[in-house]
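Produce the complete structure using the sequences and hints provided.
There are 2 protein chains.
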Amino acid sequence: MDASFRRTYTNHLPALKADLLAGKRLALSKCITLIESTREDDQVAAGTLIEEVIGNTGNSIRIGITGVPGVGKSTFIEQFGTLLTEVGRRVAVLSVDPTSIRSKGAILGDKTRMHSLSKNPKAFVRPSAAGANLGGVANTTRECILLCEAAGYDVIIVETVGVGQSETLVKEMVDYFLLLMLAGGGDELQGIKRGIMEMADHLLINKADGANLALAEKAAKDYENALHLFPASESQWKVPVGICSALENTGLHKVWQSLQSFQSVTQESGFFSENRRLQNCQWFHQRLRTQLLDYFFGEPDFKGKIKQKEDQIKLGKSSVRKAVDDLLQSQIHKIK
Amino acid sequence: MDASFRRTYTNHLPALKADLLAGKRLALSKCITLIESTREDDQVAAGTLIEEVIGNTGNSIRIGITGVPGVGKSTFIEQFGTLLTEVGRRVAVLSVDPTSIRSKGAILGDKTRMHSLSKNPKAFVRPSAAGANLGGVANTTRECILLCEAAGYDVIIVETVGVGQSETLVKEMVDYFLLLMLAGGGDELQGIKRGIMEMADHLLINKADGANLALAEKAAKDYENALHLFPASESQWKVPVGICSALENTGLHKVWQSLQSFQSVTQESGFFSENRRLQNCQWFHQRLRTQLLDYFFGEPDFKGKIKQKEDQIKLGKSSVRKAVDDLLQSQIHKIK
Chain A
28 MDASFRRTYT NHLPALKADL LAGKRLALSK CITLIESTRE DDQVAAGTLI EEVIGNTGNS
88 IRIGITGVPG VGKSTFIEQF GTLLTEVGRR VAVLSVDPTS IRSKGAILGD KTRMHSLSKN
148 PKAFVRPSAA GANLGGVANT TRECILLCEA AGYDVIIVET VGVGQSETLV KEMVDYFLLL
208 MLAGGGDELQ GIKRGIMEMA DHLLINKADG ANLALAEKAA KDYENALHLF PASESQWKVP
268 VGICSALENT GLHKVWQSLQ SFQSVTQESG FFSENRRLQN CQWFHQRLRT QLLDYFFGEP
328 DFKGKIKQKE DQIKLGKSSV RKAVDDLLQS QIHKIK
Chain B
28 MDASFRRTYT NHLPALKADL LAGKRLALSK CITLIESTRE DDQVAAGTLI EEVIGNTGNS
88 IRIGITGVPG VGKSTFIEQF GTLLTEVGRR VAVLSVDPTS IRSKGAILGD KTRMHSLSKN
148 PKAFVRPSAA GANLGGVANT TRECILLCEA AGYDVIIVET VGVGQSETLV KEMVDYFLLL
208 MLAGGGDELQ GIKRGIMEMA DHLLINKADG ANLALAEKAA KDYENALHLF PASESQWKVP
268 VGICSALENT GLHKVWQSLQ SFQSVTQESG FFSENRRLQN CQWFHQRLRT QLLDYFFGEP
328 DFKGKIKQKE DQIKLGKSSV RKAVDDLLQS QIHKIK
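Here the protein sequences line up with chains A and B, keeping their order.
Taking the working numbering, the leading residue of the first sequence gets 28, the next gets one more, and so forth.
Taking the working numbering, the leading residue of the second sequence gets 28, the next gets one more, and so forth.
Check before you lean on any hint, since a few could be wrong.
Copies of the same chain are indistinguishable here, so a pair counts whether it falls within one copy or spans any two.
[Said to hold, decoys possible] Calculated pairs, BS3-like style, for lysine-lysine (alpha carbon to alpha carbon, straight line, at most 27 Å):
| id | residue 1 | residue 2 |
| --- | --- | --- |
| 1 | K330 | K146 |
| 2 | K146 | K248 |
| 3 | K44 | K341 |
| 4 | K248 | K57 |
| 5 | K44 | K336 |
| 6 | K336 | K198 |
| 7 | K344 | K44 |
| 8 | K265 | K198 |
| 9 | K245 | K281 |
| 10 | K349 | K198 |
| 11 | K349 | K57 |
| 12 | K146 | K44 |
| 13 | K146 | K336 |
| 14 | K248 | K51 |
| 15 | K349 | K248 |
I should point out that these hints are in silico values taken from the structure, not numbers from a laboratory.
Take a look at the structure:
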């Protein structure tokens with residue numbers, strides 16, 4: 028980033044904010060780059076920006092989409108997102124990718140994966156957020172959601188990329204969690220997905236087309252029966268089990284109907300806003316932990332002490348427990 | 028726990044330590060209960076105990092075993108553990124179970140799952156460690172390994188229970204990571220397991236018996252070919268792909284041979300001890316983070332401030348970022 032562009036942040040924050048609230052895509056992109064920046068002055072500007080637009084956020088439905096690789100998430104989001112723009116919605120697509128931590132950057136090609144949606148003037152597709160760790164990625168994604176809302180996007184889709192830890196993170200930042208599945212996964216696969224099935228507000232068997240249609244219908248029945256064994260969700264929402272073919276563009280309207288029905292039912296019951304309040308509290312605690320640790324581990328004095336203890340542990344001269352106790356006692360003494 | 032038993036810890040630590048080093052199973056059980064205790068005085072005693080026996084630890088091979096539910100982990104450990112006792116080894120079986128966090132206790136029936144092994148005088152089977160969070164569970168399990176070693180167990184098996192986050196934790200505390208698999212898992216299953224396959228030091232197709240034998244041999248060939256596509260591991264160890272039937276007790280001797288070969292190759296190259304040093308460093312950093320956070324969140328003054336900020340966030344009066352920044356500024360001011 029060159030110096031002239033950087034000055035845009037610090038000096039022209041009011042203009043950037045006005046453009047964001049006017050729904051300008053370039054401003055939204057710049058704002059996201061700002062909150063992702065690791066520079067201290069950028070972080071101060073990001074704090075001001077977020078605090079100033081907080082009153083313009085929240086007015087959207089936030090949808091999480093997950094499923095194993097190969098289930099057809101990209102094709103689904105491409106088609107479903109296009110449908111949403113056709114019914115007058117503005118759609119933002121974000122993603123959470125644990126593997127982007129190691130590579131320290133967004134995965135290339137995220138934009139090109141959703142070729143037609145990313146060129147749609149009513150849609151905004153952003154590659155995975157960067158971050159030093161999973162907590163950092165989650166935090167940035169949550170602030171991206173707020174910025175998209177401030178820019179007037181009223182459907183936010185957060186996709187999990189890869190598998191493993193990201194499902195829980197995404198579940199904690201969305202209103203509606205959609206699990207894409209395939210017909211014909213074995214028992215072992217179902218075992219792996221059981222924890223994630225329990226998080227889902229909607230099960231959707233994709234690739235219900237051609238010779239696979241009958242299999243998909245059978246699988247939907249099976250899952251519907253299985254769901255009866257689960258305890259009722261807190262939202263009292265009856266989790267629908269549907270089939271669709273993103274490729275042939277069938278079954279997607281029904282998903283949108285379910286989503287609207289979920290929104291009206293849970294808004295009436297109060298669950299919708301109560302859930303968001305709880306999610307914000309969780310986020311607050313997560314960020315507090317991350318920032319506390321960042322503060323301590325950033326102290327040069329503490330860093331030196333840590334290095335000493337590391338050496339003792341490597342030589343077998345100290346147990347891990349004693350090394351930690353010693354370090355904390357010296358640090359806590361300093362605090363008191 | 029009654030008061031008289033508790034006094035055993037604080038007053039009779041030298042006797043407990045002597046019994047532990049003499050390999051008495053009851054003493055080992057008591058020591059594990061001590062390190063798992065959440066009482067402050069117990070934790071002080073636990074610290075003393077661990078520090079005093081640290082010189083008696085490390086003399087074992089630590090094996091991690093994972094695989095999807097239904098792969099036959101319990102049967103495998105029962106048979107493999109028995110084999111190890113027959114060749115003169117003393118075997119301890121521990122497990123890491125993320126779900127035990129919620130239930131705040133060990134899963135019942137862990138002992139009865141390995142019926143014959145748990146009655147074997149040369150074996151020690153312990154249910155899953157308890158802990159307030161995944162980091163706590165991992166920490167307790169690592170200290171359990173040390174206590175088992177101090178008691179003279181020279182093969183430590185750490186099993187993952189459930190699926191998801193525990194594989195990485197277990198990989199970080201063992202020398203050798205064994206992945207049990209089934210023949211006939213679909214492509215989707217392989218997708219899910221790819222990250223875990225890359226961690227494995229040994230792939231083993233279980234249930235290679237009866238009509239399934241030919242399928243298992245075919246799967247082993249396929250995995251062997253697939254492994255050629257992976258980058259060489261840091262240990263330079265060529266990951267074997269084998270088949271076995273825990274039920275029919277076939278193929279287990281070969282696993283033990285591979286394990287011994289791994290140990291001698293990596294001890295000669297220096298990888299074995301270097302890897303343990305790195306693991307101890309990782310553990311140290313994890314524990315340091317956990318303990319720092321526990322200290323802060325335990326302060327009554329801080330707790331009150333957190334509550335205030337929570338209320339502001341719930342009412343939409345503050346962004347998460349600003350609430351965290353305010354809290355840290357007040358706390359850091361106190362430190363400086």
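Of the hints given before, which are not true for this structure?
1, 2, 4, 13, 14, 15
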